[in-house]
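Novice: Please build the complete structure, drawing on both the sequences and the hints.
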Amino acid sequence: MTLPNVITVARLAAVPIFGWALLDGAMQVAFLLFLAAGVSDGIDGFLARRWKQETAFGAWLDPIADKLLMASAYGLSGYLGFLPAWIVLLVVGRDVLIVSAVLLSRSVGKPLEARPILVSKANTVAQVLLIVLVLADRAFGIAAGPVISAMVLLTATLTIVSGAAYLSIWMRLMRGVMAP
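So that you can map any letter, position 151 of the sequence shown is 401 in my numbering, and since no number is skipped, the others follow by simple counting.
Be careful, since some hints might not be right.
Claimed, not checked - Result set (DSS-like, lysine-lysine): computed pairs, CA atoms no more than 27 angstroms apart in a straight line:
1. K317 - K371
2. K371 - K302
3. K360 - K371
Everything labelled a hint here was simulated from the structure, so no lab data went into it.
The structure presented is a predicted model; accordingly, all values stated were derived computationally and were not measured.
Specialist: Written out as structure tokens, the structure is:
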């Protein structure tokens, strides 16, 4: 197993520990684990490209680790009342929509190439920043309420726009399959 894959597996293994820390009220631990996961995601990608160690396993596992971490962060933040339920449903729902579209496309022999588009990258940055702000606020009492509120709105907007963009791409791809 390559070093980037080991880092990805470690990030995946950290998800339940992150969840436990949140549920246990260990906010500083949760904050540090989330930051470490984010940094490790960048490191494993850099190492895989730099040392030409990109593998099919890593290409498959990396987005799963990312999605599980974000779904855990959003789901538990909503459950604990740190974020409104509607933003949790929007963020998680978008990911479910995208994964479903990819799986459906593959099942009909029209695999959807999973290359992130610009608005999706902006959405990811906003989603990560929102969780970092929420966790920092809870861990260190930085009183970021107004900034968090603004980030919720920005994240919601980008989540809707990026979800609609992927849906449009998917519908163009599927047009030939769905035509009579």
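Novice: So, for every hint listed, does it hold in this structure?
Specialist: Here is how each hint holds up against the structure:
no.	hint	in the structure
1	K317 - K371	holds (14 angstroms)
2	K371 - K302	holds (23 angstroms)
3	K360 - K371	holds (24 angstroms)
When the structure is compared with the earlier hints, no violation turns up for any of them.
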